[in-house]
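A.B. asks: Spelled out, the chains give:
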Amino acid sequence: MKIALCSSFMPFIRGGGRNIVDWLASTLTEAGHQVEVVYLPELDSPPDILFQQMMALRWVDLKAADRIICFRPQAHLIPHPHKILWFIHHIRTFYDLWDSPYRDFPDTARNRAIRESLIDVDTRAMGEAKTVFTNSKVVSERLKTFNGVESEVLYPPVFEPERFFSAGYNDEIVCICRLEHYKRQHLLIEALSYTKAPVRLRIMGTGASPDYGIALQQKAQLCNVADRVIVEDRWITEEEKVEHLSQCLAAAYLPIDEDSYGYPSLEASHAQKAVLTTSDSGGVLELIQDGYNGYIAEPTPESLARAMDKLYRDKNVTEAMGKNARQRLVDLKISWSQVLERLLA
Amino acid sequence: MKVLIVNNMAPFIWGGAEELAVNLQKNLVIAGHDAEILRIPFQWEPSTRIPSQMLLARTLEIANTDHVIALKFPAYLVRHHRKSLWLLHQYRQAYDLYDAGQTNLPPGQHGADIRKAIAHADNESFAESRHIYTNSEVTRQRLLKYNGFDSKVLLPPVNDPEVFTGGESDDYIFAGGRVNSMKRQFLLLQALAKADRRVKMIIAGPPESPADTQQLHAIIEQFGLQDRVKLDLRFLPRATYVDYVNRALAVAYIPFDEDSLGYVSMEAATARKALITTTDSGGILGLVQPGETGWRAEPTAESLAEAMSAAYESKARTRQYGEGAQALWNGLGINWPETVEALLK
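Chains as they are written, first to last, in this note's numbering: chain A, 37 to 381; chain B, 578 to 922.
Some clues are possibly wrong.
Stated by the list, open to error - The calculated SDA-like cross-link candidates involving lysine to any residue, where the alpha carbons are at most 20 Å apart (straight line), are: (1) B/Lys579 - A/Met46; (2) A/Lys99 - B/Trp591; (3) A/Lys99 - B/Ala587; (4) A/Lys99 - B/Asn681; (5) A/Lys99 - B/Pro588; (6) A/Lys99 - B/Trp621; (7) B/Lys603 - A/Phe48; (8) B/Lys579 - A/Phe48; (9) A/Lys38 - B/Phe589; (10) B/Lys922 - B/Ala704; (11) B/Lys603 - A/Ile49; (12) A/Lys99 - B/Pro628; (13) B/Lys579 - A/Ser245; (14) A/Lys99 - B/Ser624; (15) A/Lys38 - B/Gly592; (16) A/Lys99 - B/Ser629; (17) A/Lys99 - B/Leu731; (18) A/Lys99 - B/Pro623; (19) A/Lys38 - B/Ala704; (20) B/Lys807 - B/Glu745; (21) A/Lys38 - B/Pro588; (22) A/Lys99 - B/Leu632; (23) A/Lys180 - A/His125; (24) A/Lys38 - B/Trp591; (25) A/Lys173 - A/Asp295; (26) A/Lys38 - B/Lys579; (27) B/Lys579 - A/Lys173; (28) B/Lys579 - A/Arg54; (29) A/Lys99 - B/Ile590; (30) B/Lys579 - A/Ile49; (31) B/Lys579 - A/Lys369; (32) B/Lys777 - B/Phe800.
If you're looking for bench data, these hints aren't it; they were derived computationally from the structure.
Let the hints inform the model, and build the full structure from the sequences given.
C.D. replies: Right under this line is the structure:
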């Protein structure tokens, strides 16, 4: 089949929304399909430029494809008789983040009108699709609330998940993801100072600026846990990630209210490791069940410390939760074969 | 610098322009820049939709980009404050092919209006460009004649010069590239029949039609050339093609009146191979200096046979011509470092 994967992008900003597209392209090609990846630039601000860009998308001619699959907004506006959406988020400042500091334009009558029109256009474009999938329950709920559109959750797998394995359980809890304040690595370091067990912490990844990494190092000193924390602020290769996940005791991932379960928790589950998260982490809670494949702590150092102690002391339970973590992926049907089956149905 | 290469996308079709864009990207990265390719879908049928697709390109917001290098119509209509063109071709059906009566634009006023819109948009885009380069003298002349813009010819370099190392020669003349009546491989075989019997020949490349294949087999049969000719008629793996070039006694390329030097002859010169061509072959004559880099035969079997025999009779001289061809080619300064430098000026 000839399949065009359509998404929007910001030139020179990689990762994030591009993974799901590029990985699906590889998987479909492997399965013998002809794949064309169509990335068109999209700028969400100022509000006045939205509509001309939407017009541009209406002019895109992909009739050469048997079907198209659309991801990041406003790619879902591209017309096609067999359009499938795998919707990963709205232009959120006009949707759920309207009443938040992330909206960088004023709440004027003009912008409210733009918002209304945008929602109307989105709803109509979704109506053109044969099927609407989302990457999480959170996004499905937003589609229902704002657009009145029903959708099916199709969890995005990680690329080549068979790379991940377990080589045992040492005394480290690892957190491998971007080093950003909203990922709250600082909370993990604070928690470590409240633990009673000699559990260790390994924080790896890099962020937009070096400041947060430096702050984490200082926090480790301040909390007097520097001898039990490793902070590596740099790009971590896939091989290193596989290696550390294979050996760790458990993984931690506690972003603030994330849309999806997040690739870090998925990767840990493939490596048969329990995942420590918090009650306000959003989509992660779709994957992690407290006491089954990890712990859901309160977002406080004390609560996290208690969970960390349990992970260290009840090692048999921790290992069993690691096994359950992998089983949970099977139960939720998080796999490329499931993705292909649903998208090509 | 963050450099965005902007090209067309004919969905599910991959050709020379796509290959060139990828190699340009690769060489921008080698030169220390960040480079990405934006491919804008374009269908020229039905031609009545060309204006909307021009608007599509014109409407996109190119953010987070320091410099744009655009290659084709209508992709080069994108707006950016620092845009240079490396024009592979304009929409010829609105220009020289229109004059030749070979246009796909509708007849009458409608077609005339579309043609005018194309010319206006082109002129505006050319006027706002920082520099305009063309890929051949022919493209330069057309741009000058139809739009009144002068440009500088920037010939596309060999994509992978490092593999054309030359080396020990066998006894065969090599003829590579697409096989069709314009490339006149049949004439090479007719010439071989009249040349020194010790000269052999390899003809390799994808045939345009079954008739082209049949014709070559018929000539081999007719003159009893089976022992002296190898036909390898397919799209060759790059390594196979490179090996044929590197081990050749000399390389023959005798297209009828071609615009460009031709990759085949550029690659042969890189590999220090003497060149055999004909006086009516066009662009390649720029690389063939009689008595220095090869032979300019008349487009007849007799004249070509003489050149082939000469190549065999004095291999020392043939080798010397090969050295000459490489020296002449290198002197043209058609290499990636200088090309990238010009395109970023």
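A.B. asks: Confirm or reject each hint.
C.D. replies: Taking the hints in turn, this is what the structure says about them:
1. Pair hint B/Lys579 plus A/Met46 holds up; C-alpha atoms about 12 Å apart against a cutoff of 20 Å.
2. Distance hint between A/Lys99 and B/Trp591 is fulfilled; the C-alpha atoms sit about 17 Å from each other, no more than 20 Å.
3. Proximity of A/Lys99 to B/Ala587 is assessed by CA-CA distance (about 11 Å); at most 20 Å being required, the pair is judged to hold.
4. For the hint pairing A/Lys99 with B/Asn681, the CA-to-CA distance comes to about 19 Å; that is within 20 Å, so the pair holds.
5. With a CA separation close to 9 Å, the supplied pair A/Lys99 and B/Pro588 stays within the 20 Å bound.
6. Between the alpha carbons of A/Lys99 and B/Trp621 the distance comes to roughly 12 Å, so the proposed pair stays at or under 20 Å and holds.
7. For a cut-off of 20 Å, the pair hint linking B/Lys603 to A/Phe48 stands: about 15 Å separates their Cα positions.
8. The hinted pair formed by B/Lys579 and A/Phe48 meets the criterion: a straight-line CA distance of about 7 Å does not exceed 20 Å.
9. About 8 Å separates the Cα atoms of A/Lys38 and B/Phe589, which keeps this hinted pair within 20 Å; it holds.
10. For the hint pairing B/Lys922 with B/Ala704, the CA-to-CA distance comes to about 16 Å; that is within 20 Å, so the pair holds.
11. With a CA separation close to 18 Å, the supplied pair B/Lys603 and A/Ile49 stays within the 20 Å bound.
12. With a C-alpha separation of about 17 Å, the suggested pair A/Lys99 and B/Pro628 falls inside the 20 Å cut-off, and the hint holds.
13. Between the alpha carbons of B/Lys579 and A/Ser245 the distance comes to roughly 19 Å, so the proposed pair stays at or under 20 Å and holds.
14. Proposed proximity of A/Lys99 and B/Ser624 is supported: the alpha carbons are some 15 Å apart, at most 20 Å.
15. Straight-line distance between C-alpha atoms of A/Lys38 and B/Gly592 comes to about 17 Å, which keeps the hinted pair within the 20 Å bound.
16. A hinted pair counts as satisfied when its Cα atoms are at most 20 Å apart, and A/Lys99 with B/Ser629 qualifies at roughly 15 Å.
17. For the hint linking A/Lys99 to B/Leu731, the alpha-carbon distance of about 35 Å lies beyond 20 Å, and the restraint is violated.
18. Distance check on the hinted pair: A/Lys99 and B/Pro623 sit about 12 Å apart at the alpha-carbon level, within 20 Å; holds.
19. Between A/Lys38 and B/Ala704 the CA atoms are separated by roughly 39 Å; this puts the pair beyond 20 Å, and the hint is violated.
20. Of the pairs offered as hints, the one joining B/Lys807 and B/Glu745 holds, with about 19 Å between alpha carbons and a cut-off of 20 Å not exceeded.
21. Annotation: proposed proximity of A/Lys38 to B/Pro588 holds, straight-line Cα distance about 9 Å (limit 20 Å).
22. Between A/Lys99 and B/Leu632 the CA atoms are separated by roughly 18 Å; this keeps the pair inside 20 Å, and the hint holds.
23. With a C-alpha separation of about 13 Å, the suggested pairing of A/Lys180 with A/His125 holds against the 20 Å cut-off.
24. Of the pairs offered as hints, the one joining A/Lys38 and B/Trp591 holds, with about 14 Å between alpha carbons and a cut-off of 20 Å not exceeded.
25. Between A/Lys173 and A/Asp295, the direct Cα distance comes to roughly 8 Å. Compliance with the 20 Å bound is thereby established for this hinted pair.
26. Proximity of A/Lys38 to B/Lys579 is assessed by CA-CA distance (about 32 Å); at most 20 Å being required, the pair is judged violated.
27. Between the alpha carbons of B/Lys579 and A/Lys173 the distance comes to roughly 37 Å, so the proposed pair goes past 20 Å and is violated.
28. Only pairs whose Cα atoms come within 20 Å are accepted, and B/Lys579 paired with A/Arg54 is accepted, the gap being roughly 18 Å.
29. Our distance criterion of 20 Å between C-alpha atoms is met by A/Lys99 and B/Ile590, whose separation comes to about 13 Å.
30. Under the criterion of a C-alpha separation no larger than 20 Å, the hint pairing B/Lys579 with A/Ile49 is consistent with the structure, at around 11 Å.
31. Taken as a hint, the B/Lys579 and A/Lys369 pair is broken in the structure, with Cα atoms around 40 Å apart against an allowance of 20 Å.
32. Straight-line distance between C-alpha atoms of B/Lys777 and B/Phe800 comes to about 14 Å, which keeps the hinted pair within the 20 Å bound.
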